[in-house]
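Peer 1: Sequence:
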Amino acid sequence: MYGNTPYAGQPGGPEEPADLSPATRRALQEGVSRVAAKTRRYLPDDYLVGSQVGRTADGPRVTISVQPPVGNPVSAGFSPDADADPTEPIPAEDEEEVARGLAASAALQVKQALGDDVPPVGR
0 MYGNTPYAGQ
10 PGGPEEPADL
20 SPATRRALQE
30 GVSRVAAKTR
40 RYLPDDYLVG
50 SQVGRTADGP
60 RVTISVQPPV
70 GNPVSAGFSP
80 DADADPTEPI
90 PAEDEEEVAR
100 GLAASAALQV
110 KQALGDDVPP
120 VGR
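Residues in the sequence shown are numbered consecutively from 0, following numbering that gives the first Met the number 0.
Watch out, some of these pointers could steer you wrong.
[To be verified] As a list, the in silico SDA-like pairs of lysine to any residue whose alpha-carbon atoms are at most 25 Å apart: (1) Lys-110 <-> Thr-62; (2) Lys-110 <-> Arg-40; (3) Lys-37 <-> Glu-92; (4) Lys-110 <-> Gly-49; (5) Lys-110 <-> Gly-100; (6) Lys-110 <-> Arg-39; (7) Lys-37 <-> Arg-54; (8) Lys-110 <-> Arg-99; (9) Lys-37 <-> Gln-66; (10) Lys-37 <-> Ile-89; (11) Lys-37 <-> Gly-53; (12) Lys-110 <-> Leu-47; (13) Lys-37 <-> Arg-60.
[To be verified] Here are the in silico distance ranges between beta carbons for each label pair: (14) Gly-114 <-> Ser-32: 32 to 42 Å; (15) Asp-115 <-> Gly-53: 35 to 45 Å; (16) Pro-21 <-> Leu-113: 42 to 52 Å; (17) Ala-112 <-> Ser-32: 21 to 31 Å; (18) Arg-25 <-> Gln-111: 34 to 44 Å; (19) Ala-91 <-> Gly-114: 36 to 46 Å.
Don't read these hints as lab results, they were simulated from the structure.
Using N, Cα and C, we set each Cβ at its ideal position, and we do this for glycine too.
Using the sequences plus the hints, can you model the full thing?
Peer 2: Written as structure tokens, this is what we have:
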């Protein structure tokens, strides 16, 4: 029924990207899990942090997402270079930077969602 819509894609379109090897998938999952854990350290328990390893037409892709208690979710995606070390596809210095950025963005979403409705805590 929907096969003839322009959104259905081209028949015989681009080839599917190759599946990730188990070792590459495991290394990516470990790296993205480290980023998610670092992100959780910066946030209270009310924030939900998740991660995912997937693939696109351009290759592997990892995503870390944060759902704040109010406001819009935030996420960061990363596609490792083909030349990257397969045992460390996400550089350690990037892990900390992404974790801090996600935590700050999630906190900003809460601040924007609440606006001026929250009274100051300390006086």
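Peer 1: Go through the numbered hints given earlier and state which of them the structure violates, listing their numbers in rising order.
Peer 2: Going through the list in order, the structure violates no hint and respects every one.
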